[in-house]
Amino acid sequence: MSHVLVKWPSEASWDVYPVRSLAEVEIAFRLLSDENAICELRGTVVTVNWKLGEPPAPAELLDFGTEKVMERRRTRLARTAPDAEGSVRAESPPKKQKAASECNCGAVQRVEELEAQVKILQDQLKVAKNNYDSYDMVKNLRKIVRELNSSRDSASVAADMVNIGGGVLVEKSVLDRLHSHCRGTPAKFA
Numbered sequence: 001m002s003h004v005l006v007k008w009p010s011e012a013s014w015d016v017y018p019v020r021s022l023a024e025v026e027i028a029f030r031l032l033s034d035e036n037a038i039c040e041l042r043g044t045v046v047t048v049n050w051k052l053g054e055p056p057a058p059a060e061l062l063d064f065g066t067e068k069v070m071e072r073r074r075t076r077l078a079r080t081a082p083d084a085e086g087s088v089r090a091e092s093p094p095k096k097q098k099a100a101s102e103c104n105c106g107a108v109q110r111v112e113e114l115e116a117q118v119k120i121l122q123d124q125l126k127v128a129k130n131n132y133d134s135y136d137m138v139k140n141l142r143k144i145v146r147e148l149n150s151s152r153d154s155a156s157v158a159a160d161m162v163n164i165g166g167g168v169l170v171e172k173s174v175l176d177r178l179h180s181h182c183r184g185t186p187a188k189f190a
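Residue 139 in UniProt numbering sits at position 139 of the sequence shown, with consecutive numbering throughout.
These aren't lab readings, by the way, just hints derived from the structure by calculation. As the structure is a prediction and not an experimental result, all values here were calculated from the model. The reader is advised that the hints may include incorrect statements.
Below, computed lysine to any residue pairings styled on SDA-like, alpha-carbon distance capped at 25 angstroms [unchecked claim]:
| hint | residue 1 | residue 2 |
| --- | --- | --- |
| 1 | Lys-7 | Thr-47 |
| 2 | Lys-7 | Ser-33 |
| 3 | Lys-7 | Arg-74 |
| 4 | Lys-7 | Ala-23 |
| 5 | Lys-68 | Glu-35 |
Restraint-style ranges between C-beta atoms, simulated for each label pair [claimed, not checked]:
| hint | residue 1 | residue 2 | range |
| --- | --- | --- | --- |
| 6 | Lys-119 | Ile-144 | 34 to 44 angstroms |
| 7 | Asn-49 | Arg-79 | 57 to 67 angstroms |
| 8 | Glu-113 | Gly-43 | 24 to 34 angstroms |
| 9 | Val-168 | Tyr-135 | 40 to 50 angstroms |
The C-beta atom is built at its ideal place from N, Cα and C for all residues, glycine as well.
Please model the complete structure; the sequences and the hints are all you need to start from.
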């Protein structure tokens with residue numbers, strides 16, 4: 001924000017100048033340092049160094065902002081100004097601009113309130129996402145437990161075991177197969 005929009009009182013024309021072209025340094029500094037200063041200074045008459053080598057001329061301070069925005073507002077004001085016949089081409093926007101700028105001062109507080117509310121909502125969203133992730137984990141764990149319980153219930157019946165010595169248990173069916181395939185050869189059991 002480095003430019004001001006001014007209206008020349010002697011004629012119905014508007015111009016955009018850098019803040020440094022204001023003759024009153026205090027006003028320029030106040031505009032640059034305090035964002036709400038334009039609310040108090042709007043409509044005041046300031047002196048502007050409008051041309052190099054010329055004395056400063058009085059002009060009414062209308063707005064403060066970036067060069068691009070100020071040029072757009074100047075163009076809009078020029079379009080809505082009365083033409084040579086005295087008729088106004090469009091609705092007179094200075095009243096609307098003044099009302100909008102007054103709302104703009106309160107808008108800063110509203111924006112801060114909304115930003116605080118956004119921060120609170122983002123924190124709540126993080127908590128909700130954590131809860132949702134926890135829910136997914138619990139759901140997966142329940143599924144695993146259900147599968148384990150169903151596999152335990154359908155476990156096969158244990159075969160008859162035979163102690164072959166030294167506390168070693170072998171299924172009876174395995175021993176029967178070994179006896180039938182290896183008749184009389186004790187090396188297979190060793």
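Against the structure, the hints:
Between Lys-7 and Thr-47 the CA atoms are separated by roughly 11 angstroms; this keeps the pair inside 25 angstroms, and the hint holds. At most 25 angstroms may separate the alpha-carbon atoms for a hinted pair to count; Lys-7 and Ser-33 meet this at roughly 23 angstroms. With a C-alpha separation of about 9 angstroms, the suggested pairing of Lys-7 with Arg-74 holds against the 25 angstroms cut-off. Under the criterion of a C-alpha separation no larger than 25 angstroms, the hint pairing Lys-7 with Ala-23 is consistent with the structure, at around 15 angstroms.
As the CA atoms of Lys-68 and Glu-35 are separated by approximately 18 angstroms, the hinted pair is consistent with the 25 angstroms bound. Between Lys-119 and Ile-144 the C-beta distance comes to about 38 angstroms, which sits within the given range of 34 to 44 angstroms. About 27 angstroms separates the C-beta atoms of Asn-49 and Arg-79, a value inconsistent with the hinted range of 57 to 67 angstroms. Remark: the range hint 24 to 34 angstroms for Glu-113 to Gly-43 is upheld by a beta-carbon distance near 28 angstroms.
The beta-carbon spacing between Val-168 and Tyr-135, approximately 49 angstroms, falls within the hinted interval of 40 to 50 angstroms.
Of the hints listed earlier, the one the structure fails to meet is number 7.
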